[in-house]
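Participant: What follows is the residue order along each chain.
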Amino acid sequence: MNERHWPARAPSRQALLVAVSVAAWIAVAPVSAEESRACGKYGGVLTTHAGEDLVNFDFHQQTTVRTQQRVGGSYNRMFRYSFYEPGKVMPDLVDTYDVSSDGLVYTFKLKSGIKFHCGDLVKGRPGACTDLDASDVAWSIDKIRNKDFSRRAGYFSAIVKTEAVDPLTVKFTLKTPDSGLIAKLAVGWAAIFPSELPWDQLKDQVIGTGPFIWKEYVTGAGSTTVKNPEYFRKGYPCMDGIRNFVFKDPTVALANLRAKKLDMNSYMQYIYPADAKLLAEKNPEILVSLPSRLWWHSIAGKMNTKPWSDQRVRQAFSLAIDRYKAIEVLGEGVGSVGGYMPPWTKWSLQGDELAGYVGKADAATVAARRDKAKALLAEAGFAPGTLKIKWLTLDTPESILTPQFVQEQLRQIGVEVALDVADRGTFTQRRDSGDYELVSTSETAGTLEPSLFYADFYRCGASANQSGYCNAEFDKLFDKQVAEPSEDKRVELIHQMERILLTDLPQVQVRWIAEGMAWQPWVKNWVDVDPVYYNNVTLEEVWLDK
Amino acid sequence: MWSYVIKRLLLGVVTIYGVATLVFFLMRIVPGDPARVALSEPGRDAKVSEEMVKAMRVKLGFAEVIVMPKRSVLEPKLGAKYPQLIEALQALDRSALLGAYTSGAPINAGGIIVRPSEIDVEVRNIPLLTQYIQWMWNSTRFEFGNSLKVNRPVVDEWLRYFPVTASIVILAAVMTVVVAIPLGILSAIRQDRMADYIGRVVSIAGLSFPSFWVAMLIILSLVIWFGWLPPLEYVPVWEAPWQSMKQIFFPAFAVAFAQIGLMARMTRSSMLEVLREDYIRTAWSKGLGERVIVLKHALKNAFLPVLTVFGLQFGFAIGGLVVVERAFNLPGLGNYLVDSVVFRDYNSVQATLFATAIFVTLANLLVDLAYAWFNPRIRYQ
Amino acid sequence: MPGSTPAYVTSSSFAERLWRIAAATLIFARRKPLGAAGGLIVVGMLLAAIFAPYLAPYPPEEFIDGGSARLKPPSLEFPMGTDNLGRDILSRVIYGARLSMLVGFLSTIFGTGVGALLALFSAYAGGIWDLIVQRLMDILWSFPSLIVAIVIIAVLGRSVPNLIIAIGIVVIPSTARVVRSAVLAVKETEYVQAAEAAGASRLRIVFQHIAPNCVAPYLIIATASLGGAIITEASLSFLGLGVPPPAPSWGRDLFGSAQKFAELAPWMPIMPGIAISLTVYGFNLLGDAIRDVLDPRLRGGW
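Protein chains in written order, with the numbering used here: chain A, 1 to 546; chain B, 1 to 381; chain C, 1 to 302.
No lab work stands behind these hints, which were simulated from the structure alone.
In silico DSS-like pairs for lysine-lysine, Cα to Cα no more than 30 angstroms straight-line: (1) K72(C) to K277(A); (2) K111(A) to K161(A); (3) K246(B) to K261(A); (4) K161(A) to K70(B); (5) K171(A) to K476(A); (6) K147(A) to K70(B); (7) K282(A) to K72(C).
Per label pair, the in silico range of CB-to-CB distance: (8) L47(C) to K388(A): 29 to 35 angstroms; (9) R37(A) to F249(B): 43 to 49 angstroms; (10) E50(B) to L47(C): 52 to 58 angstroms; (11) A280(A) to S68(C): 18 to 24 angstroms.
Computed from a predicted model, the values in this text were never measured in an experiment. By construction, the Cβ of each residue, glycine as well, lies at the ideal position given by its N, Cα and C atoms.
Start from the sequences and build out the full structure, keeping to the hints where you can.
Facilitator: Printed below as a string of structure tokens:
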């Protein structure tokens with residue numbers, strides 16, 4: 001997830017947390033029936049924007065949703081999230097399904113009569129105009145599972161075999177039960193593309209079954225999609241197309257939004273808190289929503305290299321950071337302080353126990369924690385002023401903010417952090433080859449499914465395990481909770497895992513991000529369902545009241 | 001005369017190839033593998049598998065795929081068809097082949113199905129020297145290949161971005177000439193008097209403000225106080241002149257701001273040089289009618305050095321253009337070039353700088369020729 | 001005039017020399033008030049740079065009140081306001097003078113120095129050397145200067161010395177060109193030919209006869225390049241290539257957060273921009289006046 005953007009200003013942190021918990025975050029389990037809202041009017045082109053150019057169209061090879069935000073509307077998934085209520089999953093391409101009693105075999109029956117995009121725009125492209133069948137589903141899921149062609153392979157590690165039993169039946173065989181499988185099949189990037197399209201061509205082609213056909217992408221100018229007249233859901237999409245501009249400068253984007261030239265802001269470039277305040281004062285008719293998101297900033301180092309390998313150093317870092325100040329200064333007062341699970345959910349540790357790990361807002365606690373940090377450093381052999389460490393960071397303004405803040409905080413305990421600023425090419429090279437001491441991370445999860453938070457980041461050998469953390473006890477607990485049917489027991493297991501992580505600190509959490517979405521009053525049937533950037537990309541039921 | 005031109009042309013060619021070579025090696029010294037960058041998403045830190053990087057390198061043209069069928073397995077199986085298989089394998093698309101091989105899927109080579117276990121596939125990096133020779137050869141034929149970032153021909157990308165930059169540059173040039181030359185002339189005629197001081201103060205101010213700051217100030221004042229915005233889409237000037245003008249007027253102004261200062265000063269000093277001559281002074285003092293003639297004569301002579309400097313400032317002008325394009329978020333060549341460097345899009349950078357070098361060299365040559373034409377003393381050097 | 005020795009070199013006492021310099025400066029100030037104003041600005045900036053710790057009300061890197069004192073408009077407490085991290089902008093502007101002066105002067109000295117020396121030797125030597133150096137200069141000239149700087153920084157990394165190199169390299173071709181024409185102008189004179197005939201070593205000829213003729217054009221282009229160097233540093237920082245934080249740098253303070261918060265806190269982009277513009281303005285005014293003095297063709301009512 002691109003960590004660029006600033007949260008909007010909210011009335012107060014308390015009010016926000018209350019509001020969010022009232023929204024009733026629930027784990028996703030059974031699939032709900034399809035509910036839909038009608039199109040009030042047909043026609044119109046939605047204008048929205050993104051902050052950066054696409055690198056290529058293969059959203060499995062990207063770890064942010066930058067690509068998916070733009071191509072997502074051209075695909076369907078086996079399941080999808082409700083457009084209106086958080087956490088609800090409903091079938092998309094799947095008609096019915098059943099699970100074997102041991103939870104190891106899933107059989108899905110697909111809806112019939114669904115075609116991949118057809119027509120002049122996609123003429124001659126691999127898979128165009130073909131029918132959707134089980135082999136396409138198996139092909140797509142296999143790509144996601146293949147770690148050489150996808151960075152999300154860890155999500156579906158439980159699947160050992162995919163099989164197209166007959167043209168409309170797909171069978172997945174798992175090696176262990178996975179209570180979150182359906183939820184994972186509903187995330188935005190679990191999209192289904194034709195089996196005639198070789199995996200490596202997904203980088204250049206967008207062919208799906210989705211409500212909007214991909215027309216073109218012009219670097220620097222943006223993407224255009226056009227209504228799919230043969231979309232399998234009759235009566236949808238409501239709009240004629242989506243025009244997604246590229247505005248590198250967020251000021252320009254906001255100005256265009258205020259001047260009513262943009263219908264909606266970008267999932268990738270949320271409304272800043274300052275901007276939300278501006279909107280509230282000058283453009284109150286523009287709708288703004290500002291929940292906490294499944295998105296966090298943290299610091300990663302290399303667990304096998306000094307000094308990060310010393311747990312006391314990591315703990316000192318964590319103790320030194322005033323997280324509440326971070327929210328105030330970096331987050332404009334909006335966001336949450338927590339551990340590795342979203343703090344507003346039951347999966348996270350609560351109250352004083354959590355505060356013991358992540359701190360409190362009052363100055364006395366902050367000072368006490370800093371003293372403890374200094375003591376730990378001294379114990380580890382670093383007198384004040386002797387620990388010097390370099391932090392690799394990308395040279396964009398957003399990326400550099402957290403490191404700058406933490407640099408100053410660490411200065412207070414006598415640690416000298418030097419910022420190693422690199423441009424994208426150098427940054428990726430060095431990060432991938434491990435040529436850094438510290439690096440900042442900005443990570444997201446697709447849904448509130450707890451195993452997703454841990455799957456990519458903290459399991460041994462996971463695809464996004466930046467720090468090299470490997471704890472056998474943690475991995476055992478992970479496998480246990482994935483297979484655990486009782487939710488209360490799961491909560492308990494996950495709390496145990498949280499405690500392990502908060503002590504071992506493979507990555508030091510800085511803050512949880514809250515950011516805003518803004519849209520014009522004539523954009524109907526659009527609800528900010530978090531994580532909206534993963535799960536509300538088809539926009540098929542959105543209509544424009546103009 | 002002709003020998004002069006030919007000599008200059010040859011030297012120009014040497015320069016251009018020098019630029020091509022320098023760019024080639026410079027880009028490869030800069031750390032950062034284009035394949036890795038193309039796969040990257042900074043901000044979310046997941047490692048890329050080396051297989052993916054290799055596949056991308058093949059796709060981008062930095063590595064080749066060597067296929068060797070396992071003879072002991074396949075020859076008995078295929079018999080007479082074996083040589084056919086070898087040929088068919090060589091004809092397959094490299095990326096597709098690699099993809100199929102890595103995914104474990106069967107490979108269709110001209111009708112013959114082989115399994116990945118029956119062949120050996122190796123990805124080998126193309127050596128630097130080979131790449132260099134390829135580049136030199138391609139650039140001579142003006143074949144610039146595809147942009148590594150968007151997988152479209154570089155020339156297509158140029159055609160997309162060129163109108164934006166060109167319209168800004170042209171409009172900026174018009175603005176500059178319209179404002180700077182009268183300013184310079186006035187300054188020269190009224191040297192060391194109030195008009196001159198004001199003229200110099202203003203033109204030096206123009207030189208002193210960083211162009212991107214001017215751009216930021218423009219955007220700030222327009223957005224805050226007038227609620228103004230550029231149109232969302234870029235439209236070329238021949239399609240919708242008024243809308244296009246709304247878009248490029250302010251960027252052109254930001255670029256022109258610095259150039260006005262420079263040109264006004266050049267005009268001033270150039271005019272002063274001409275006006276210094278005795279016979280000019282005499283004519284000037286004779287009265288209004290003479291003054292007009294003097295001005296026309298002075299302008300003609302002053303023009304050339306101004307043009308020279310203007311042409312030579314081209315390199316610096318691009319710098320100003322880049323930051324202004326960035327600040328106004330315009331899809332122009334300057335932005336494209338900077339992005340290409342950041343994304344390690346070797347092909348785009350090499351091609352664009354090659355083209356720039358040609359342009360600059362030609363421009364220099366034309367200016368020098370014009371100079372030599374009007375100034376016989378230099379012609380015979 | 002080539003080879004003329006300055007008038008006040010021998011036998012005067014130190015005090016007399018000082019008096020003469022002061023007098024010359026005052027005459028200069030009266031004749032070229034604009035240049036004097038420029039000189040004043042430059043001196044002011046230099047003083048700010050040197051005495052920054054005494055002038056700045058706060059440390060430039062400190063997040064005042066832990067960062068809570070952020071985005072405050074200019075007031076008595078914070079004459080230029082605070083930025084989005086709670087740092088005092090006035091202090092950052094004062095300290096920023098250090099970097100700009102340092103980078104400005106050093107990169108100009110480096111760049112013009114290298115360019116001048118290259119031109120001096122290659123133009124005098126003539127022949128194949130001249131041709132090669134000229135081609136090299138042409139090649140460098142054909143590169144958009146910003147791209148050269150970007151690539152150099154990408155290769156070498158972000159730091160003050162690398163910034164100096166990157167900016168300095170940009171100035172080499174123009175200096176070389178100017179010095180080259182000065183060398184050519186004097187190379188064929190009787191003066192030099194006589195020295196050659198007398199058997200003086202080439203090195204001696206270069207330094208005693210040719211070099212002094214190049215001083216005036218060199219000074220002109222050097223002072224002209226100073227302002228440009230500072231602007232280049234600001235532009236590079238604007239593109240994110242400048243010195244890494246938290247070092248106070250005018251250019252970097254205009255990058256990123258200043259743009260983001262421009263509408264809410266316009267003092268963030270305005271203040272450092274004024275500092276840059278004022279400094280470059282001062283350098284340009286001064287340089288302009290020096291040029292007027294040194295370039296005999298342009299003397300008006302002297």
